[in-house]
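Novice: Starting from the structure of chain S, add chain C where the hints point.
Chain residues, written in single-letter form:
Number of protein chains: 2
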Amino acid sequence: MANRSRVSLALRRARISPASISPASSSRPIRQLAQARWQSTASTEDSEGVTKGTTGSTKSFKFTSETYPNIKRESKFSEVTEDHVSYFKELLGKESAVIDGVTRDATDDIEPFNGDWMRKYRGHTKLVLKPGSTAEVSEVLKYCNDNMLAVVPQGGNSGLVGGSVPVFDEIVINMSRMNQIRSFDSVSGTLVVDAGVVLEVADNYLGERNHIFPLDLGAKGSCHIGGNVATNAGGLRLLRYGSLHGNVLGIEAVLPDGTIVDDLSKLRKNNTGYDLKQLFIGAEGTIGIITGVSIICPQRSNAINVAFFGLESYEKVQEAFREAKGQLSEILSAFELMDSHSQSLVATVTKNKRPLEGDYPFYCLIETSGSNTEHDNEKLEKFLEFVMEKEIVLDGVVAQDATQVKALWGWREGVPECLGHWGGVYKYDLSIPISELYSLVEDIRGKISDAGLIGNGEGYPVVEGGVVGYGHMGDSNLHLNVATRRYDKKVEQVLEPFVYEWISKRNGSISAEHGLGLAKKNYIGYSRSVTMIALMKQIKNLYDPNGIMNPYKYI
Amino acid sequence: MANRSRVSLALRRARISPASISPASSSRPIRQLAQARWQSTASTEDSEGVTKGTTGSTKSFKFTSETYPNIKRESKFSEVTEDHVSYFKELLGKESAVIDGVTRDATDDIEPFNGDWMRKYRGHTKLVLKPGSTAEVSEVLKYCNDNMLAVVPQGGNSGLVGGSVPVFDEIVINMSRMNQIRSFDSVSGTLVVDAGVVLEVADNYLGERNHIFPLDLGAKGSCHIGGNVATNAGGLRLLRYGSLHGNVLGIEAVLPDGTIVDDLSKLRKNNTGYDLKQLFIGAEGTIGIITGVSIICPQRSNAINVAFFGLESYEKVQEAFREAKGQLSEILSAFELMDSHSQSLVATVTKNKRPLEGDYPFYCLIETSGSNTEHDNEKLEKFLEFVMEKEIVLDGVVAQDATQVKALWGWREGVPECLGHWGGVYKYDLSIPISELYSLVEDIRGKISDAGLIGNGEGYPVVEGGVVGYGHMGDSNLHLNVATRRYDKKVEQVLEPFVYEWISKRNGSISAEHGLGLAKKNYIGYSRSVTMIALMKQIKNLYDPNGIMNPYKYI
Chain S
5 MANRSRVSLA
15 LRRARISPAS
25 ISPASSSRPI
35 RQLAQARWQS
45 TASTEDSEGV
55 TKGTTGSTKS
65 FKFTSETYPN
75 IKRESKFSEV
85 TEDHVSYFKE
95 LLGKESAVID
105 GVTRDATDDI
115 EPFNGDWMRK
125 YRGHTKLVLK
135 PGSTAEVSEV
145 LKYCNDNMLA
155 VVPQGGNSGL
165 VGGSVPVFDE
175 IVINMSRMNQ
185 IRSFDSVSGT
195 LVVDAGVVLE
205 VADNYLGERN
215 HIFPLDLGAK
225 GSCHIGGNVA
235 TNAGGLRLLR
245 YGSLHGNVLG
255 IEAVLPDGTI
265 VDDLSKLRKN
275 NTGYDLKQLF
285 IGAEGTIGII
295 TGVSIICPQR
305 SNAINVAFFG
315 LESYEKVQEA
325 FREAKGQLSE
335 ILSAFELMDS
345 HSQSLVATVT
355 KNKRPLEGDY
365 PFYCLIETSG
375 SNTEHDNEKL
385 EKFLEFVMEK
395 EIVLDGVVAQ
405 DATQVKALWG
415 WREGVPECLG
425 HWGGVYKYDL
435 SIPISELYSL
445 VEDIRGKISD
455 AGLIGNGEGY
465 PVVEGGVVGY
475 GHMGDSNLHL
485 NVATRRYDKK
495 VEQVLEPFVY
505 EWISKRNGSI
515 SAEHGLGLAK
525 KNYIGYSRSV
535 TMIALMKQIK
545 NLYDPNGIMN
555 PYKYI
Chain C
5 MANRSRVSLA
15 LRRARISPAS
25 ISPASSSRPI
35 RQLAQARWQS
45 TASTEDSEGV
55 TKGTTGSTKS
65 FKFTSETYPN
75 IKRESKFSEV
85 TEDHVSYFKE
95 LLGKESAVID
105 GVTRDATDDI
115 EPFNGDWMRK
125 YRGHTKLVLK
135 PGSTAEVSEV
145 LKYCNDNMLA
155 VVPQGGNSGL
165 VGGSVPVFDE
175 IVINMSRMNQ
185 IRSFDSVSGT
195 LVVDAGVVLE
205 VADNYLGERN
215 HIFPLDLGAK
225 GSCHIGGNVA
235 TNAGGLRLLR
245 YGSLHGNVLG
255 IEAVLPDGTI
265 VDDLSKLRKN
275 NTGYDLKQLF
285 IGAEGTIGII
295 TGVSIICPQR
305 SNAINVAFFG
315 LESYEKVQEA
325 FREAKGQLSE
335 ILSAFELMDS
345 HSQSLVATVT
355 KNKRPLEGDY
365 PFYCLIETSG
375 SNTEHDNEKL
385 EKFLEFVMEK
395 EIVLDGVVAQ
405 DATQVKALWG
415 WREGVPECLG
425 HWGGVYKYDL
435 SIPISELYSL
445 VEDIRGKISD
455 AGLIGNGEGY
465 PVVEGGVVGY
475 GHMGDSNLHL
485 NVATRRYDKK
495 VEQVLEPFVY
505 EWISKRNGSI
515 SAEHGLGLAK
525 KNYIGYSRSV
535 TMIALMKQIK
545 NLYDPNGIMN
555 PYKYI
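If you read the sequences in order, they're chains S and C.
Taking the numbering used here, I'd label the letters of the first sequence as residues 5 to 559.
Taking the numbering used here, I'd label the letters of the second sequence as residues 5 to 559.
Note that these hints are calculated values from the structure, not bench results.
On a predicted model such as this, the values are computed, not experimentally measured, just so you know.
Do not take every clue at face value.
Computed beta-carbon distance windows for the label pairs [stated by the list, open to error]:
hint, chain 1, residue 1, chain 2, residue 2, range
1, C, 316, S, 356, 56 to 62 Å
2, S, 378, C, 501, 49 to 55 Å
3, S, 74, C, 535, 37 to 43 Å
4, S, 386, C, 542, 51 to 57 Å
5, C, 139, S, 460, 39 to 45 Å
6, S, 363, C, 386, 42 to 48 Å
7, C, 139, S, 461, 52 to 58 Å
Below, a list of computed lysine-lysine pairs in the DSBU-like style, where the Cα atoms sit at most 35 Å apart [said to hold, decoys possible]:
hint, chain 1, residue 1, chain 2, residue 2
8, C, 80, S, 544
9, C, 525, S, 544
10, C, 410, C, 386
11, S, 525, C, 146
12, C, 66, C, 541
13, C, 410, S, 386
14, C, 146, C, 80
15, S, 544, C, 544
16, S, 146, C, 544
17, C, 541, S, 541
18, C, 76, S, 525
19, C, 525, C, 509
20, C, 541, S, 544
21, C, 509, S, 146
22, C, 544, S, 509
23, C, 386, S, 394
24, C, 544, S, 80
25, S, 80, C, 541
26, S, 525, C, 509
27, S, 541, C, 544
Yeah, the Cβ is synthetic: ideal placement off N, Cα and C, and Gly gets one too.
Okay, chain S solo, but in the shape it has when bound (with noise of 0.2 Å):
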């Protein structure tokens, strides 16, 4: 009886509004949000892939040389020296496609190419080459493959594992010249782009036609396609999209020893061969430089609707995801996974009211786009009936205007910067199979409250509730986070190699969506056999034998 008025109660609150959410208006504050977060992430990951959270921490910036002394640089790799440099210069012909520390100061110049966003990883390197065809990467890689000289791809450099920067003095070459649209078919989607568009372009490009590109992420506005091909970059629209592996048909790439892989189709089916474009997709530039996307995109969604549950047990969670997977199904563009201690934590820094009244062991948040608004918003409203009357959840809004898409959202993707609040943040990207995604939160709780970590109190590392779990349920990528006060060897013994074994014993991955890049590469262990791994090397050393393709990285 409690529970029927409650439903009742907030069905009243989640009554929709099909005016109030127009498709121009909704769409745009998630974007913004997701922006957002990006620009205010501000925590630096250590050696062990472990986050520490970062008030004032990026002050200091440290040379990965520095960081990880264990690395040392390989004396196979020919330096840089002026005869290199003039070779490129002839050959990129302008001057602002190299930028030569080599031969003359250019210090300034070259420091953005060094560092990665998060300011953790810095290299060495004094030259950066911006070739402006395939043909000119072609050149550059078959001369740098013959002199023996260490490259590191460059796109957007919006990684997060420190993929794209270089260790020591590798030669960045860096996508940005390469930057026009090459053609788009309307009647099938498919969009062809040179490797350094930026994601954002492309995306503005198709809305103009109708279409978006099936990929979405915070970096959107600096990261390029051909970065996001070569991380396999997972985003916002997975879960309705599908992945690259999928989306991508044709790749335009470059060997190290100079041959252009051919293999930009713009066909949806095409039978004919080893697919060997996939080798590219997540290779993380480790065995060439892909120069040109072909991808299939799809059109544009009207209506974009988002609501708000609470519910009282993980096995709820699944069984709203799988009513929501069922009922909303084609419709279904997001179900993303917050649990109580995360939400407590955000209310407490954001001071924001919340959305729901009162307090429930989980939250999700669920967000439709499909091609009728009226039909999108029944849909919903049917559903939410149906998860309410059933008790699958206790309560639930639905965002009535573009203000409160925004502030729902807000919810889900203030989390990581609200953990940041107190110190350190411990954090883990992890991929586990949905029925088991929540009890990895629940296990490392119990741990760390075993151990007398946690609590009120400068005496304890972690905060109070600061054990959270969150996510993209509908990938099922589950973001382990531990909020500190400080970093503490304690909780770091807790947490290692627990998490990775965890995750090892269920076939989980330690990098669900970020690739391994100098962050993951000792881990991958954890995630492949010892069979998978020694085959990867064979595509290595078959492809980039001298092994000047991104070193000291992957796997």
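Specialist: What follows is chain C alone, placed relative to chain S:
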């Protein structure tokens, strides 16, 4: 004015009766039709990838070694001896796991494994092995590799290009004993199966759990999932659910040296190294044998609708497709194209009443599947009103019950069979950029007409109106067919190499979904560059240096 009244008339006929299209009954006929088409197809392809239709031609069932006299058995391969047979009997245990034509007469038992279902490709094997586990596959392959015994992996043996039967005396490794469904997670939709599970068995299993397999094709009653993945099967659900490269989450496979590739991830996101499993998707058993597959499966749709239109030009077809993608968007599950010629021939052969009263240059069949019958009906009706008011479509009907669904699909699915009515059919399965998709048909029609090869009467090899185009418009997949009274060199000389050159100029694919096998092996150069073919051969040599895997085929 005339148009306007035709629109009204059509709309009256097209009025949707939601109640009459029940989910359970409406989806079945499509399946039955596809199955029927499969069973009734009796065409054979010749060495040039051209299919000749076939009244009675299947009576002769020549050995592949006779049809392709230029292919010679490679002397490096050992012949199977009694010692080999003893080893395999010891290893695989049961008598039923080894069909032995070496030490005893087992010709009758072996024949079904030597020949394909089209009765076109027929090998000389004397040994069929049926391993029952991945470990056994590993032992078998290692032994074969060590002893230079060539092998042919065989699933349901339902391929169209001769890829799954031996050419000479290669040992058949038949996967039918590995037929267990390993696991299904109803929350994530992740299914894990042995490679030898029949597609329909998996789909029925999923159906009982309110899910579907993301691939569907006519041979589902016999084809194996391992074979589907090995050939990167396209099928009927690709437009909606995408390709296997996106849906397959993990693969377990065995390399020729016995190495087990243990990449059977159940995770949607896993960015830890090269995505090697992708190489096995579409490799047609040339680098290893797939033993297990993990795949993400969508929930079953409640509502299925089918509509059928007449259109005045291929430009209008493209407009209709663009509008269907926009307005039907998330519920569009098929967009099939048939030209006037194909429909006239079907009408002539079947004498069925045509769905529309007038004759139109082009016809399209649209299928929608979604979670809400009323919404889908409304979307389809609005779409129909729009395309008819804008005169994109000139007339149209919507199936009002299961019988009509079946009948409408019959006008698309019946094309291949009806074309064989007069004698031979030249058949091409092609991918072409969508804007140019139909112009190949027009070009061929012109050339055949110019050559005086088409007309009424026995004097003309090509049947009047016999140059037809139809296919999966939604996937840019054209079936170009030429219906003839008899096989004629003159027709073939008009067709080839013109068709392949035409495809090559437009960066199309000579094999959209059937693969290369033996039939297309020599034509890959029309779809792939010399560089790409060299890179593919490099991969082949990397994994199968002895060349024992499915020799004489692929690249």
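Novice: Taking the hints in turn, state whether each one holds.
Specialist: Here's how the hints hold up against the structure:
At about 58 Å, the beta-carbon gap between residue 316 of chain C and residue 356 of chain S stays in the expected band of 56 to 62 Å. Restraint check, residue 378 of chain S to residue 501 of chain C: a C-beta distance of roughly 54 Å satisfies the suggested window 49 to 55 Å. For the pair residue 74 of chain S and residue 535 of chain C, the beta carbons lie near 39 Å from each other, so the given range of 37 to 43 Å is met. Checked against the hint of 51 to 57 Å, the pair residue 386 of chain S and residue 542 of chain C passes, with Cβ atoms roughly 55 Å apart.
Remark: the range hint 39 to 45 Å for residue 139 of chain C to residue 460 of chain S is contradicted by a beta-carbon distance near 55 Å. Checked against the hint of 42 to 48 Å, the pair residue 363 of chain S and residue 386 of chain C passes, with Cβ atoms roughly 44 Å apart. For residue 139 of chain C paired with residue 461 of chain S, a C-beta distance near 57 Å keeps the hint of 52 to 58 Å intact. With a C-alpha separation of about 30 Å, the suggested pair residue 80 of chain C and residue 544 of chain S falls inside the 35 Å cut-off, and the hint holds.
For the hint linking residue 525 of chain C to residue 544 of chain S, the alpha-carbon distance of about 28 Å falls within 35 Å, and the restraint holds. The straight-line distance between the Cα atoms of residue 410 of chain C and residue 386 of chain C is roughly 23 Å, inside the 35 Å bound, and the hint therefore holds. The suggested pairing of residue 525 of chain S with residue 146 of chain C holds, with an alpha-carbon distance near 32 Å, which does not exceed 35 Å. With a C-alpha separation of about 30 Å, the suggested pairing of residue 66 of chain C with residue 541 of chain C holds against the 35 Å cut-off.
Only pairs whose Cα atoms come within 35 Å are accepted, and residue 410 of chain C paired with residue 386 of chain S is accepted, the gap being roughly 32 Å. For the hint pairing residue 146 of chain C with residue 80 of chain C, the CA-to-CA distance comes to about 17 Å; that is within 35 Å, so the pair holds. With a CA separation close to 16 Å, the supplied pair residue 544 of chain S and residue 544 of chain C stays within the 35 Å bound. Taking the CA atoms of residue 146 of chain S and residue 544 of chain C, the gap is about 24 Å. The hint holds against a cut of 35 Å.
Restraint check for residue 541 of chain C and residue 541 of chain S: the C-alpha separation of about 19 Å stays at or below 35 Å, so the hint holds. Taking the CA atoms of residue 76 of chain C and residue 525 of chain S, the gap is near 48 Å; set against the 35 Å cutoff, the hint is violated. A distance of roughly 19 Å separates the Cα atoms of residue 525 of chain C and residue 509 of chain C; the hinted pair therefore holds under the 35 Å criterion. Taking the CA atoms of residue 541 of chain C and residue 544 of chain S, the gap is about 17 Å. The hint holds against a cut of 35 Å.
Between residue 509 of chain C and residue 146 of chain S, the direct Cα distance comes to roughly 29 Å. Compliance with the 35 Å bound is thereby established for this hinted pair. A hinted pair counts as satisfied when its Cα atoms are at most 35 Å apart, and residue 544 of chain C with residue 509 of chain S qualifies at roughly 33 Å. For the given pair, residue 386 of chain C sits about 34 Å from residue 394 of chain S by alpha-carbon distance, which is consistent with the 35 Å threshold. Under the criterion of a C-alpha separation no larger than 35 Å, the hint pairing residue 544 of chain C with residue 80 of chain S is consistent with the structure, at around 30 Å.
Our distance criterion of 35 Å between C-alpha atoms is met by residue 80 of chain S and residue 541 of chain C, whose separation comes to about 30 Å. Only pairs whose Cα atoms come within 35 Å are accepted, and residue 525 of chain S paired with residue 509 of chain C is rejected, the gap being roughly 43 Å. Among the hinted pairs, residue 541 of chain S with residue 544 of chain C is consistent with the structure: their alpha-carbon atoms are about 17 Å apart, no more than 35 Å.
Against the hints set out earlier in the document, violations occur for numbers 5, 18, 26.
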